[in-house]
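Student: Residue numbers (our numbering), protein chains in the order written: chain A, 206 to 526; chain B, 21 to 519.
Simulated from the structure, these hints should not be mistaken for laboratory data. Quick reminder that beta carbons are idealized off the backbone N, C-alpha and C, glycines included. Be a bit skeptical, because a hint or two may be false.
Across the chosen pairs, the derived CB separations fall in these ranges [what the hints assert, rightly or not]:
#1 B:391 to A:390: 28 to 36 Å
#2 A:446 to B:79: 41 to 49 Å
#3 A:401 to B:76: 36 to 44 Å
#4 B:211 to A:414: 28 to 36 Å
#5 A:311 to B:490: 40 to 48 Å
#6 B:79 to A:285: 44 to 52 Å
#7 B:454 to A:286: 48 to 56 Å
#8 A:311 to B:220: 13 to 21 Å
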Amino acid sequence: MKKLFAASVVMASCFFGSAHAADIKKPECIAPAKPGGGFDLTCRVAQGGIGDKLGNPMQVSFMPGGIGAVAITLFNTTRTDDPNAIVAFSSGSLLNIATGKYGEWTENDVRFLATVGADFGAVIVRADSEFKTLDDLMNKVKADESSLAIGAGGSVGSQDWMKAALLLKAVDRDPRKMIYVAYDGGGDALTGLLGGSIDVYTGDIGEMTAHLETGQLRVLAVMSPDRLPAPFADIPTTKELGYDAEWTIIRGFYMGKNVSDDAYDKWVAAFKEAYGSEEFAKIQHDKGLLPLNIAGKDLDDNVKERIQKLRAIAKEAGLIQ
Amino acid sequence: MNEVLTGLSGGFGVALMPLNLLLVLIGCFAGTLIGALPGIGPINGVAILLPIAYSMGLPPESALILLAGIYYGAEYGGRISSILLNVPGDAGAVMTTLDGNPMAKRGEAGRALSISAVASFVGGTIAVILMSLFGPFLAKFALTFTPADYVALMVFAFASLSSLVGKNQVKTLMGAAIGLMLATVGIDANTGVPRYTGGIPDILAGFDFLVVVIGFFGMAELIHLVEQQVSGKLKLLPIGKSFVTWKDLMQIRWTMLRSSIIGFIIGVLPGVGASVASAVTYGTEMRMAGEDRKKFGTGDPRGLAAPEAGNNAAAGGAMVPMLTLGIPGSGTTAILLGALMLFNVTPGPMMFEQRPEIAWGLIASMYIGNLALLVINLPLVGLFARMLTIPQKYLSPLIAVLAFIGVYSVVGNPFDLLLIIGFGIFGWILRKLEFSLAPIILGFVLGHLFEDNLRRALSISRGDWSILISSWESIGLYVMAVLIVILPVLVSYRNKRKA
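Can you make the complete structure from the sequences, with help from the hints?
Tutor: Right, dumping it as structure tokens:
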């Protein structure tokens, strides 16, 4: 039994432990989750989009556990200077950092590298809902924040909850009084919306592509800074409707804190080169992402600013003291 | 009705094309093998093979037919290791161990395998027929099922299990309680607070279902085998040449029919899968058996046929919300949904109009797939049964390796390998104390669903408990739950008075 276990641990470490080579000899993208989710998708965009800029084929590996905590711990303990590996992150990971879910690790313990695109929050109701516009909905919220049930695929304190909380904050209502129903993933939440259990679903616009033409749902607003390209061009933004509730789901990568500037710059250059190419744009589009291309120092600054904002919101919403 | 027939005939036209026929056969065969491996169930089978199917450059309907073949094949195959080794291949096959394994231990492995193959066929086929006839209607019904109704369904499931399995009811209840406790570990969805994680980041998201099943069943069984071997108590299993008889089929015909219908309805509900279906059907059959109830758990064909018909019918039922509404009803259908999107097909009501060759081709391939599985599986019964003739000293390490690889390939976190060992030792100790392990697994599955839905319901009602009895579906389920508990007591009381 013991031997068996030892054997599998050895196997496991072969799988994970890429050699600390000086060049991007064995490019590896780590999705800190099980196959099939958003992190997997993030890595696939990198694999297809910048794969040919690295000289060697990129491998995607999975490191699930604790909503990304396992991966960030590993990159702060044993692989802090691994020049070959990039780890996928999303706004959800940033929120986890902001609310302290990753324990002692913060935004200063990793080097943010580059993005592969973005998705945006969306406010969705049933087609036969009494809310025809976002104003209808917000007026109801203003009158009584607990008069309607808002649901989404994540727990309280997750990105999905945050979108709903931001909407309430935009009209100076207390997110803590909101009726929030936590479903197990977007599919379940959609079922709840269609079945009438919840009145509003704060989802993502990317997943709506498939549902736009069915006529069962209405997207009241998208939480992006500007109008999105087709097929979403007709959907107003929260901002233009006068509500300060923006939610960008950013998707990208970080590296270990002690990675040399040399290695980091090589990766940044590869991403910047890819941003200009048509193939990258095509892969981004095919995977349901909207363009948001930032790499290097710009991203590091951008992300740190985001996390500061998130901390402020989380504090106001009572998620952290 | 005409629409259905036209659609189906078009679908059979697609599914019977030589390439697609070949693919469904390959898919079913590969699926059976994948399902037979402990730890690798339909979800992983489909997830692992999806990129391969995509890269083969097949037309979308052919690729889907291949993947769907793997899906039913794996549902079929899950029973093999349950029966022969007492190690369920996936969640839906946990109940199959209860009567399947005792039959194999009596030397009736062939009979058990063939009975379960027939029951799976009946369950799968009835599910497809119901799906072709009532699919869209049922999908709408599933949508009206609110969190409060799910709570009632879970109460019903618990009730139908209440006196189930194990000679000692107190230990059964304690087992279920252990399962419920395991289900509470992880970040609480309604407050965002980590519960019972002890600061270990690996379990922030809770225990993976597979880890619990493989730990409590697979590892515990292995430790038990090794212990018997060391103490020299290991008995060689008799391998008789047995097969399903006409008498068996007559005995289980109503069991199969009832279980198929119940399993299908449960499968249609999003989020409730084969594991709940097999638990409810087993419990129902046990209640229906009256005085024969004591035979359940000792190798009764009905106890084997019920969960097998139930879980295969549920697998078919789970396809309904995915095909008709574009909402996945289970983990596997979520992956199939992803596959559809990959081929630029939008699932939902539009699919039947825009891409009928895919929608109906897939449904027709399910009819063919079920038949193919029966035809492939019956002749192989003897071969599978002979697995038991592998000497224990080779078999145990083999199972261990497969279980470790299964868990690692799916979950990919070395910490989970430690967890399955921990659960295995815990399960082995419980076995020594004469606990039955199935209630733990069921408590774990039902506990998750029960808590999530109860808290959703209470969020929606602002904490008003009356929401739980606010619909006829809920009330009906509660009434059935009460009846299922008290009827046997009443019946036996009346019988005693008569006597």
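Student: Which of the listed hints are broken here?
Tutor: none
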